[in-house]
Amino acid sequence: MSSGLNPETIEQELIRKVFVPRAKDEQYDEGLADLVSATEAWVKNKLDRKLAQTQAARVFRTRTLPIGLAATGILGGLVAFFLKRSRHDRQMHLAASKLAALKSEVVALSDLLDSQQERHRMLPHADPDFQTPMQGQTRAVFDNVQTAIVRYRERWLGLMDVWEKAQSRIQSEWFLGTASADDAIQLLDSAEARPPLSDVAGECRGPLDVLENSHETARHLADELDATLTKANAQLAQLAQRGRSGASFQGSLAAVTRSLAVARHDLESDPVKARGRLEEAQASAATTLVEIDAFEAADDRRHKASNAADDVEKKRDAKRAEGWLLAEPGADPLARIVSVREHLTLATQLLDAGERTGAIGHIEHAERNIAEALAMLESIVVAKTKVEELLPGCVARLEALATRGGQALRALQQMAQSDAQTAWSDVADNGAKADAGLARAQSMVAEVRAAADPSRQHFFRAFALLEEALRQEDWVDGCQAAIMERQSELDGLRASLPNRCQTVAARVQSLEARLERQRTDRVRANEHCREAGRLAELAKQGAGVQRPDLLQASRVLEAADTAAARAEELATDDDRLARQAFEEIEEADGILRRATAWYAEGVSADVRGATVGLEEAKALLVRQRYEDSIKSSAEATRLVREAYATATAEAERRRLKRQQAVQQRQMEESFARMSRGLGPWVIQLPSGSFTGPDPWRSMRSPSGPIARAPSVSHSAGGSWSKNTAEASW
670 MSSGLNPETI EQELIRKVFV PRAKDEQYDE GLADLVSATE AWVKNKLDRK
720 LAQTQAARVF RTRTLPIGLA ATGILGGLVA FFLKRSRHDR QMHLAASKLA
770 ALKSEVVALS DLLDSQQERH RMLPHADPDF QTPMQGQTRA VFDNVQTAIV
820 RYRERWLGLM DVWEKAQSRI QSEWFLGTAS ADDAIQLLDS AEARPPLSDV
870 AGECRGPLDV LENSHETARH LADELDATLT KANAQLAQLA QRGRSGASFQ
920 GSLAAVTRSL AVARHDLESD PVKARGRLEE AQASAATTLV EIDAFEAADD
970 RRHKASNAAD DVEKKRDAKR AEGWLLAEPG ADPLARIVSV REHLTLATQL
1020 LDAGERTGAI GHIEHAERNI AEALAMLESI VVAKTKVEEL LPGCVARLEA
1070 LATRGGQALR ALQQMAQSDA QTAWSDVADN GAKADAGLAR AQSMVAEVRA
1120 AADPSRQHFF RAFALLEEAL RQEDWVDGCQ AAIMERQSEL DGLRASLPNR
1170 CQTVAARVQS LEARLERQRT DRVRANEHCR EAGRLAELAK QGAGVQRPDL
1220 LQASRVLEAA DTAAARAEEL ATDDDRLARQ AFEEIEEADG ILRRATAWYA
1270 EGVSADVRGA TVGLEEAKAL LVRQRYEDSI KSSAEATRLV REAYATATAE
1320 AERRRLKRQQ AVQQRQMEES FARMSRGLGP WVIQLPSGSF TGPDPWRSMR
1370 SPSGPIARAP SVSHSAGGSW SKNTAEASW
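For the sequence shown, position 205 matches number 874 in my numbering, and the numbering has no gaps at all.
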């Protein structure tokens, strides 16, 4: 086994590839010689490969590995050097760029501080507006600028110190180092290295700009405020001309005037304070102007509502002049006009008192009353028009319904004579109900005429009564129509019911004959058939009395027809299920017989469970349990198929086992014959016989009987087993 010649290798690589092709051509000697040569070559190649592997491993340990390690070390050192140098250059470049940015910002800060210091020093001397000494807030702003400049100058000195430290650390860095550069970067990124340029602009430049422009700004604000006051006073004068009081705005305007006077007095010595006072006064004046505008808008709205009320009152007077009384309760717009006047008076008082929100609420109430008054005038005209349009039609329909009432009464009398009371009892009271409805409608029509009389002109009441009269007419029409429809229905049933009874009876008789022939019907189909016959007979008896209830007879006949249809459906289903159950049993029985007749290798199918299931299916079919019979047949078929599959698998297993035993015995006998020198070995395979070499062939004449004996088969079928390979080797 150390040479790799295990049984699998011998069989796959030597016997099958070298010996078997020769054996198929009956060249057994050459096959054995080739087999020995192939074996020796295999062993030699195996040893050569092992020797080559050993030599390669020695060369790798003594030459390749040391050289590779040395090259790797040198390459790693170079890579580390270049990486270190690259990081050094990168950090130095970053530190230098940050230092350059700091230098530019520090220089800019120094220039900004110098310029603002010069502006601060020259402001009292160069600005012609500062003729008087600074006082108050202006002096405080001026002194704060000087304090901020001193403070930021000290900060500038600290930035210079950071500049020097960072520059010294950058210059002290060695050619591969990064520690000093990292310290310099960290120092430059710290809060100490951030020049406060924006802070200087906010605390020095901004206040100086304000001081330089404070006088001009204050004078401009004073002029604007003066113009605003003039405009507000003009609007108040206009309010007075309209009869409104502006007392609610006098106090705020007086305060604004006082602020303007004080600001003008302080403008030269303290322009900053004067500017703030003027801005506050301007905001107050703007608010007052907005309130005055809102006051004017509310007063305009009030005036518009007053004019609208006057227009409504004029329209009312015009209607009365045309002959409209407008005296119906709730239909006179004068009451709403009076309410409008009251709300507008209250709104005027609230506006003069400065209560603009409350005044607007009363104005809105007045506007709603005006809209209602206008709608009332239009509705009165519409109501009169509707009454004049609908009243003639309503009267004509009342007359037609009264005439139709006699027809309905005669129809009830005819139904009472020819039909049972139960056939028309639900409409028996419709005549009295229709008469009562007609009486109510007629009284309402009379009230409509009285209300719409020109001496009263209660058109709203007349229109409401007319609508109710129309609804009463619809109800009366429905009562009378129900009576006429019932009579028509009973007449139709009286004519069609005999034929329907005959049709249903014939259907029931045909169904009974079918069930008698079928023999597969079950209890439910017969019950429905008998129920249909009983109902058909009951309907026939009900229709044959002197005063029949044709409605009831029709319903019973419909029930009979439904029962017959259901019975036919059940009978059809029973016949279909019975046929299906019979076919399932036949199929299962055929499969069972074939499985029972099968036998091989001493094995037969165990069909006892399937036989029991099939017998149960037959019994269920006899008892007319078709669904259960179908299920039992299917289960029996499944059991038969499983038993047949199990039996065939067992037979195949036994056949293969028997063939293997025969082949094993033949091989043993052949090897025994060859080992005793009794002749060539013979192996019986499924595809034929395979004959080995005769060990005594070299001692015999080629013309002997053994040499002339033909082989049974010249080809070896199948494959050699592992035991065969090992034994032949």
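Think of the hints as simulated: they come from the structure by calculation, not from any bench.
Keep in mind that a hint or two might mislead.
What the hints assert, rightly or not - Pair by pair, the computed Cβ-Cβ distance ranges are: (1) Asp783 with Gln840: 24 to 34 Å; (2) Lys772 with Gly745: 33 to 43 Å; (3) Leu763 with Arg822: 23 to 33 Å; (4) Val1281 with Lys693: 51 to 61 Å; (5) Thr801 with Arg822: 44 to 54 Å.
Even for Gly, the Cβ is constructed at its ideal location relative to N, Cα and C.
Note to self: Quick check on a hinted range of 23 to 33 Å for Leu763 and Arg822, using CB atoms only.
What the structure shows: For Leu763 and Arg822 the Cβ distance comes to about 30 Å; the hint holds.
Checklist line | Cβ separation of Lys772 and Gly745, checked against the hinted range 33 to 43 Å | finding: holds (40 Å)
Check: Okay, Asp783 versus Gln840 on CB: inside 24 to 34 Å?
Finding: Given about 29 Å between the Cβ atoms, the range holds.
Next item on the list: Hint says 44 to 54 Å; check whether the CB-CB distance for Thr801 and Arg822 agrees.
Entry: Given a distance of about 30 Å, which is not inside 44 to 54 Å, the answer is violated.
Note to self: 51 to 61 Å was suggested as the range; check whether the CB atoms of Val1281 and Lys693 agree with it.
What the structure shows: holds (57 Å)
The structure fails to meet hint 5 from the earlier list, while all remaining hints are met.
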